[in-house]
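Starting from the given sequences, assemble the full structure and let the hints guide the process.
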Amino acid sequence: MHRVLGVVSWLDCLVFVLCLVPQLVIDPHAGLIKVVPWLLSALPFFVFELPVAFIRDHFLLPYTQRPALVNSSTLFQELVIRLVKYAFSNLPSDIARVFFKKEIALPFYRFRLLRHGLWPNNTPSWAPEEINQDGVNGIWLKSIKNCEPDIALYYIHGGGFTMGSSYFYLEFLASWASKLKDTGFKNPCVFAIDYTLVPDSKFPTQLNEAYQGYRVLHKLAGNAELVICGDSAGGNLALSLLLHLARPRGGCHVDKSLRRPSYATLISPWTVLVSPDNENTPSDFLDAHQLHRYGVLYSNSGDTSDVYKSPGLCEDEQWWEEAIPVAGMHIVYGNLEVFTAGIKKLVSRVEKVRNPGLRVTEKAAVHVWPVVQLFLGANVREREEGLEILAGVIAESLAQGKEMKIG
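Numbering-wise (my numbering), the sequence shown opens with residue 558 and increments by one.
Each hint should be verified, as a subset may be incorrect.
[As the list claims (entries may be wrong)] Derived EDC-like pairs: lysine to aspartate or glutamate, alpha-carbon spacing no greater than 16 angstroms straight-line:
| # | residue 1 | residue 2 |
| --- | --- | --- |
| 1 | Lys759 | Asp860 |
| 2 | Lys659 | Glu687 |
| 3 | Lys659 | Asp584 |
| 4 | Lys776 | Asp707 |
| 5 | Lys901 | Glu836 |
| 6 | Lys920 | Glu942 |
| 7 | Lys738 | Glu705 |
| 8 | Lys909 | Glu872 |
| 9 | Lys591 | Asp651 |
| 10 | Lys909 | Asp873 |
| 11 | Lys642 | Glu606 |
| 12 | Lys902 | Asp834 |
| 13 | Lys658 | Asp707 |
| 14 | Lys920 | Glu945 |
| 15 | Lys759 | Asp584 |
| 16 | Lys642 | Asp844 |
| 17 | Lys901 | Glu872 |
| 18 | Lys776 | Glu660 |
| 19 | Lys902 | Asp860 |
| 20 | Lys909 | Glu878 |
| 21 | Lys902 | Glu879 |
| 22 | Lys901 | Glu919 |
| 23 | Lys776 | Glu687 |
Hints were generated in silico from the structure; no laboratory data involved.
Given below as structure tokens:
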């Protein structure tokens, strides 16, 4: 795997836009007939609301009353987060999903590699292997092609269940694998699935696909340590999968020959689909009302209280003890995000479990901050901070788990 790339430049942003525009025109989910009216409706925000908010927050408000985003971010970071916040609240999900497509994310990532002097011959992740097995689609990244992996991340992407793709996370996942290699693993690999997006299908399709993907992972990874990972909605699915593996959802069969995962890493997991705990904050780019709308849509019935849909509602400590991976799990989140209260409740619940092996990393930051910092970090140190924490905790926890077995 390659080293962590340098900061995202304005040239990178231009290339992303150049990749995006044709797809907005030709993609059946978007097209000019949808995109142009939306752009016209957004003009007041771009022309008036955004500049006024910048002036107010930077020059009119006292320092102590400014949103944390303003005081802790560069202008570039603040601009991107404000734009994403507006888009998340106002852009129809069928248009928004285009931004995450393979046809945009892959050429953008390849351009980033080229700009840093990395070429296909020495960059395995340049051409990730596409996996289509047992009804599961995804990508397989392998550090050393002809060598058995010693650790495999099973990544479930976020995006409110309505958008996102494995390809959008390519740089993040390849960089994470690179950091795992720095901790001593010889051949870290990643299997990232592309589950069916809402509204194309709804619950339980995504959970079933996550389970099937875990079965496929066993075929790909051999005897490697298996780590279930996910961010946001993907964190929800990762938690639901853990509960499902321990106690299968009604009417479903779980292959008992499957190994328990060694570990789990959850980045800003969406623990409860609809909850008063999901509150808007001045700094985060998510919108609670839109999230609740997506959550109800995903639920397929309007009932979001099922623990396989909202794993944060599971109060059965014995169930959690059965579900938590062998060496424990790591929950990472920002205390400026919409999901903060719900995540803290989940942490409190899991802490009551006997020997949970729980690690928690909380930072004064927005939703999925390790991913955000990789894309928006002002310097290499900031870009790598989250990745180093994620990789380091996995390495430490797995090593401690092995010591406990020996002891």
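Hints, verified against the model:
Between the alpha carbons of Lys759 and Asp860 the distance comes to roughly 13 angstroms, so the proposed pair stays at or under 16 angstroms and holds. With a C-alpha separation of about 11 angstroms, the suggested pair Lys659 and Glu687 falls inside the 16 angstroms cut-off, and the hint holds. Proposed proximity of Lys659 and Asp584 is supported: the alpha carbons are some 12 angstroms apart, at most 16 angstroms. Restraint check: the Cα-Cα separation between Lys776 and Asp707 comes to about 14 angstroms, which is no more than 16 angstroms; the hinted pair holds.
Of the supplied pair hints, the one linking Lys901 and Glu836 holds, its CA atoms being roughly 13 angstroms apart against a limit of 16 angstroms. Taking the CA atoms of Lys920 and Glu942, the gap is near 11 angstroms; set against the 16 angstroms cutoff, the hint holds. Taken as a hint, the Lys738 and Glu705 pair is honoured in the structure, with Cα atoms around 14 angstroms apart against an allowance of 16 angstroms. For the suggested pair Lys909 and Glu872, the alpha carbons sit about 10 angstroms apart, so the restraint of at most 16 angstroms is met.
Proximity of Lys591 to Asp651 is assessed by CA-CA distance (about 10 angstroms); at most 16 angstroms being required, the pair is judged to hold. With a C-alpha separation of about 10 angstroms, the suggested pairing of Lys909 with Asp873 holds against the 16 angstroms cut-off. Taking the CA atoms of Lys642 and Glu606, the gap is about 13 angstroms. The hint holds against a cut of 16 angstroms. A C-alpha spacing of about 9 angstroms is found between Lys902 and Asp834, which places the hinted pair at or below 16 angstroms, so the restraint holds.
Under the criterion of a C-alpha separation no larger than 16 angstroms, the hint pairing Lys658 with Asp707 is inconsistent with the structure, at around 30 angstroms. For the hint linking Lys920 to Glu945, the alpha-carbon distance of about 14 angstroms falls within 16 angstroms, and the restraint holds. Only pairs whose Cα atoms come within 16 angstroms are accepted, and Lys759 paired with Asp584 is rejected, the gap being roughly 22 angstroms. Note on Lys642 and Asp844: the hinted pairing holds, with a Cα-Cα distance of about 7 angstroms set against a maximum of 16 angstroms.
Of the pairs offered as hints, the one joining Lys901 and Glu872 holds, with about 14 angstroms between alpha carbons and a cut-off of 16 angstroms not exceeded. Note on Lys776 and Glu660: the hinted pairing is violated, with a Cα-Cα distance of about 28 angstroms set against a maximum of 16 angstroms. For the given pair, Lys902 sits about 21 angstroms from Asp860 by alpha-carbon distance, which is inconsistent with the 16 angstroms threshold. A C-alpha spacing of about 9 angstroms is found between Lys909 and Glu878, which places the hinted pair at or below 16 angstroms, so the restraint holds.
A distance of roughly 19 angstroms separates the Cα atoms of Lys902 and Glu879; the hinted pair therefore is violated under the 16 angstroms criterion. Restraint check for Lys901 and Glu919: satisfied, since their Cα atoms lie roughly 10 angstroms apart, inside the 16 angstroms limit. Annotation: proposed proximity of Lys776 to Glu687 holds, straight-line Cα distance about 14 angstroms (limit 16 angstroms).
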